[in-house]
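Peer 1: Here's the letter readout for the chains.
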Amino acid sequence: MNQYPLWKNLMVLVVVMLGVWFALPNFYGEDPAVVIAKENGQAFSKLETSDIEQHLQKINSGYKSIRRQSNQILIRYEQVEEQLSGSDSMRAFLGRSSTVALTFAPRTPNWISGFGLKPMSLGLDLRGGVHFKFQVDLDAAIEQRLNQYIADINKALIDKRIRRNIKKQGNIISIELSDPEDLSSARSLIREIDPLLEIKTLTTNLSPVLQVAMTQDQLKQRRDFAIQQNILTMRNRVNELGVAEPIVQRQGLDRIVVQLPGVQDPTQAERILGATATLEFRMVCENESAFDAEAKGRAPIGCELFVDRTGNPVLLKKKTIVSGDQLIDASQTFSEGRPAVSIRLDNKGSQSMLETTKRNLNKPMAVLFIQQRQETKEQDGQFVTSSVLEKEVINIATIRGVFSSQFEITGVSPVEAKNLAILLRAGALAAPIFKVEEKTIGPSLGQDNINRGFQAILIGLAMVVLFMIFYYKGFGLIANFGLFINLTLVIALLSLLQASLTLPGIAGIVLTVGMAVDANVLIFERIREEIRIGNSPQASITAGYQKAFGTIADANITTLIAALVLFTFGTGPIKGFAITLTLGIITSMFTAIIASRAIVNIVYGQRTINKLRI
Amino acid sequence: MIIKEINFLSKRYFALTCSVILLLTSLASLTFQGLNPGIEFTGGFSIEVSYQEPPAINDIRNELASGGFPEAIVQSFGSSKDINIRIMPRENIDNKTIGKQIEAILNNSTNAVELRGSEFVSPQVGDELTEQGGLAMLFALMMIMIYIIFRFQWKFAIGAVLALIHDVLITMGVFSLFQLSFDLAVLAAILAVVGYSLNDTIVVFDRIRENFRLRRKSETLDVINTSINQTISRTLITSGTTLLVLLALYILGGKSLEGFSIALIIGVIIGTYSSIFVATTSVLFLDVSTTDLMPIKQEKIDDGRP
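Chains as they are written, first to last, in our numbering: chain R, 509 to 1122; chain W, 2 to 307.
Hints may contain errors.
As the list claims (entries may be wrong) - Below, a list of computed lysine-lysine pairs in the BS3-like style, where the Cα atoms sit at most 30 Å apart: (1) R:926 to R:804; (2) W:256 to R:1083; (3) R:1055 to W:218; (4) R:516 to R:663; (5) W:101 to R:926.
The set of hints was computed from the structure by calculation and includes no laboratory data.
Just so we're clear, the structure is a prediction, and the values are computed from it rather than from any experiment.
Given the sequences, and given the hints that come with them, work out the whole structure.
Peer 2: In structure tokens:
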């Protein structure tokens, strides 16, 4: 007799029930929606909510429902087009006190979502959005650090009146000392700045040369820091953009992937993500002629030559009063009817600003805008991207009063004011980045992909189901039952892992459907063989399952190896495919070997069968 | 019920000839013509637009050529209204202007155009992908060989890997011969073919191992033949159901999955053939014998109760 012990039947039942439970949220689908949150994180009042609702009714945007949840407002729409135009009008209506983000809200009823269950998250190719891959310019990050060392070393040596000539050769700082007597004190001064630096002394020349370099560990640390810092900054910027469920991830050694679901304008997103803008405040060199300096191509001592927005030369003092990293907050505002950026400084910045404004009343102060821009050129048939530093004076104003922590700068367009405020708030990038990949998937293309993918799954499934019933009769039905359990389990696992489902992922599911019956076919063919030899039906079932087990294990483990290699090496579409394939192989082994056996045992196990129809 | 055994291996020289011809053709095409790499491997721009009415592809080509994109590759994508345009990487890349330019050029005609999606890949990413793909393939082969040596024996590992290389080369050969676009999804499909072809081969090998242990006296050729016969219905049924769903995917899945489904359809057909003829013949040529498969100690592998 073929019978499972009770615990085994119960285990199968529990696994299947759990599968159905976790897969359940997927059957309800999602609504395109808009999430509104207040910039300051406070909740919306009833009055504000009804204001928004009235506005929605007035513009007749075709929304489905509006709901307050924790400190957000969620507006659901029927169509993606309505959602897009709805979010635009919401942004205009609410102004900058709130962020408006696009999202998809599951239609899962409360009694399910209350347990924290979520449907599978859809990849970009299924819901539309923008995908970027950026490369971080790590060499620039190292160079920045080296420049910092040079400035520090220079200052330390000046303070001790050591005559020197500092040059940068590749990644090495070489310091030529005029007086050999200074050698040991220069060494110890550098040690004070950073005890870890590698210092070599070359005394072949008349004057000794110190070669200072960062250690391998320091270089690695610096690179890791640059990437971590960039990811952090980009996350802040993405949040400022108001995108729901964004992804900002490190990929490989020096890449950062950013995915913005629902965003349809890659231009603005890229401008904000890739910008390396920062500000500096400096005094103007008043008594010198900037035009003279431009003609000579050399600035007077203590001054530096820049251009303003109209292209005219401007001479600024070399000393920076306040730099971008001393900024606490920046926001877009209007000052006397003109667009402006309101700025708040930290303690150190305020102190420095206070002293400067006190001493320099009625003198002009300039705002210097610094931006790293990428430039791609063809070099010997190769495309080489490098970053170029752009500095521009955006505003010169006369100091009319003493101020410290809070003030406004003007001289920017409304759009610039908004972007500058976002950039200054989110912090600067530690190293310049440039784009190596961009993908925009329109919402209609996403919907198309979903429809086609699911159609393929359904039709493929139907054909396999019909074939199995035709070929294996009752056993075919059992195999089909296993197939549905298998599909449910894959969906349940994908929902549980919250791995995003992509188009190749759907292809993986389709392939799993085709291959999932394999284990059952192996078992059923074995049972047929046993019956042919003349064994009794019950003995044939037992032998069939037993003998097929080794084969199924070997065959599936080798396929699993291939799938896992795909998963490890692959990125993007390949990874999506590998995940569903791997899950599919594991679940199909469970359903074919254990679940289908449980059903067979229940149907055939407890009685005497004279002839097995298989 | 008695089923007459088919002597599959009697056709082994015929099969060998077929395989050699297919392999040589594939290799020749791969060497001289190469693959038609997708944008992920070459870098460049790919823009998808949708027209109100089916446009004439030649008109689009001419419009683009006079608009400054003579090298653009224009293909219909899915339906006749959807068009995919590919442009090679350019000096001073600025994909925003390129996207806008193309939209402007195409919108001149009376037929309204909707920009459905766009893609930009830097050429350096492409180089890395090619390297990564090759590495993944090699690593997968190694791991699989180790597993088979561990579970079976080295002669079987060689047979399985030969069949694998056979399947992958011919599938890639078809892509090269007909210059079908070889993109990332196709690479994933090829790696899936690796998995599938193995699955098929292992099932046959498993039976050969079992039969060698059961009938120690039999001729190697007979044992292999019997094993093929015993597994042939399973091989055909599984390939059949897999092909059914792949056909559904090919017909309904849309253009994005077309290359993927074609690669798998070819791979499954070749994989089925190779598990019957190539893998088995290789083991026969390597002169596998009963002594190769005698368990060193009594293994408990067929304790099938899960």
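Peer 1: Now tell me if each hint is right for this structure.
Peer 2: Each hint tested on the structure:
Restraint check for residue 926 (chain R) and residue 804 (chain R): not satisfied, since their Cα atoms lie roughly 38 Å apart, outside the 30 Å limit. For the hint linking residue 256 (chain W) to residue 1083 (chain R), the alpha-carbon distance of about 20 Å falls within 30 Å, and the restraint holds. Taking the CA atoms of residue 1055 (chain R) and residue 218 (chain W), the gap is about 22 Å. The hint holds against a cut of 30 Å. With a C-alpha separation of about 77 Å, the suggested pair residue 516 (chain R) and residue 663 (chain R) falls outside the 30 Å cut-off, and the hint is violated.
For the hint pairing residue 101 (chain W) with residue 926 (chain R), the CA-to-CA distance comes to about 24 Å; that is within 30 Å, so the pair holds.
Hints 1, 4 from the earlier list are contradicted by this structure; the remaining hints agree with it.
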